[in-house]
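Trainee: Under the numbering used here, the residue at position 65 of the sequence shown is numbered 66, and the numbers go up by one with no gaps.
Bear in mind the hints are in silico, worked out from the structure with no lab data behind them.
These numbers come from a predicted model, not from an experiment.
We put the CB at the ideal spot given by N, CA and C, even for glycine.
Some hints could be false.
[Stated by the list, open to error] Okay, the calculated beta carbon distance ranges per label pair:
{"#": "1", "residue 1": "Trp105", "residue 2": "Ala14", "range": "26 to 32 Å"}
{"#": "2", "residue 1": "Ala74", "residue 2": "Ser100", "range": "16 to 22 Å"}
{"#": "3", "residue 1": "Ser100", "residue 2": "Gly42", "range": "29 to 35 Å"}
{"#": "4", "residue 1": "Gln13", "residue 2": "Ser53", "range": "32 to 38 Å"}
{"#": "5", "residue 1": "Leu110", "residue 2": "Phe29", "range": "27 to 33 Å"}
{"#": "6", "residue 1": "Ser114", "residue 2": "Asn58", "range": "24 to 30 Å"}
{"#": "7", "residue 1": "Ser84", "residue 2": "Gly26", "range": "19 to 25 Å"}
{"#": "8", "residue 1": "Gly26", "residue 2": "Thr112", "range": "26 to 32 Å"}
{"#": "9", "residue 1": "Gln5", "residue 2": "Arg66", "range": "23 to 29 Å"}
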Amino acid sequence: VQLQASGGGLVQAGGSLSLSCAASGNIFSISYMGWYRQAPGKKRELVATITSGGSTNYADSVKGRFTISRANAKTTLYLQMNSLKPEDTAVYYCRAATSGMDYWGKGTLVTVSS
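Could you put the whole structure together from the sequences, leaning on the hints where they help?
Mentor: And the structure:
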């Protein structure tokens with residue numbers, strides 16, 4: 002499975018940004034996908050995940066502001082980010098998990114200015 006994230010950029014606090022992650026390869030083996038982020042000097046953390054059945058899970062810090070979704074056939078993963086805060090500044094990574102493997106895309110930088 003190969004993952005390619007895109008959509009990062011610079012946005013003012015309160016603004017919105019949408020991230021995409023294109024998946025290719027053996028996508029039918031994917032059991033769940035998710036977005037993670039890593040801020041400077043901090044550990045990588047979960048942002049949101051979505052299972053193959055469509056169940057979602059969000060970090061408390063983004064609940065009500067971010068929405069994870071997935072295109073049919075698991076080809077593309079999205080993250081709609083609204084009401085962005087400076088503390089959302091990080092490199093965002095997409096992840097895909099199968100029964101025995103984890104796959105990570107290269108990150109995309111999101112910078113939220115105050």
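Trainee: Using the beta carbons of Ala74 and Ser100, state whether their distance is inside 16 to 22 Å or not.
Mentor: Given about 18 Å between the Cβ atoms, the range holds.
Trainee: That 32 to 38 Å hint for Gln13 and Ser53 (C-beta), does it hold up?
Mentor: 36 Å Cβ-Cβ, so the 32 to 38 Å window holds.
Trainee: CB of Leu110 to CB of Phe29, is that within 27 to 33 Å?
Mentor: Check passed, 30 Å falls within 27 to 33 Å.
Trainee: Between the beta carbons of Ser100 and Gly42, is the distance compatible with 29 to 35 Å?
Mentor: Holds, at about 34 Å.
Trainee: Between Gly26 and Thr112, does the C-beta distance stay in 26 to 32 Å?
Mentor: The hint (26 to 32 Å, Cβ to Cβ) holds, given that Gly26 and Thr112 are roughly 30 Å apart.
Trainee: Against the range 23 to 29 Å, how does the distance between the Cβ atoms of Gln5 and Arg66 compare: consistent or not?
Mentor: For Arg66 against Gln5, whose Cβ atoms are near 24 Å apart, the range 23 to 29 Å holds.
Trainee: Does the hinted range 24 to 30 Å hold for Ser114 and Asn58 at CB?
Mentor: holds, 29 Å
Trainee: That 19 to 25 Å hint for Ser84 and Gly26 (C-beta), does it hold up?
Mentor: For Ser84 and Gly26 the Cβ distance comes to about 34 Å; the hint is violated.
Trainee: Taking the Cβ atom of Trp105 and the Cβ atom of Ala14, is their distance within the range 26 to 32 Å?
Mentor: holds, 28 Å
The structure is inconsistent with hint 7 alone, although it conforms to all the rest.
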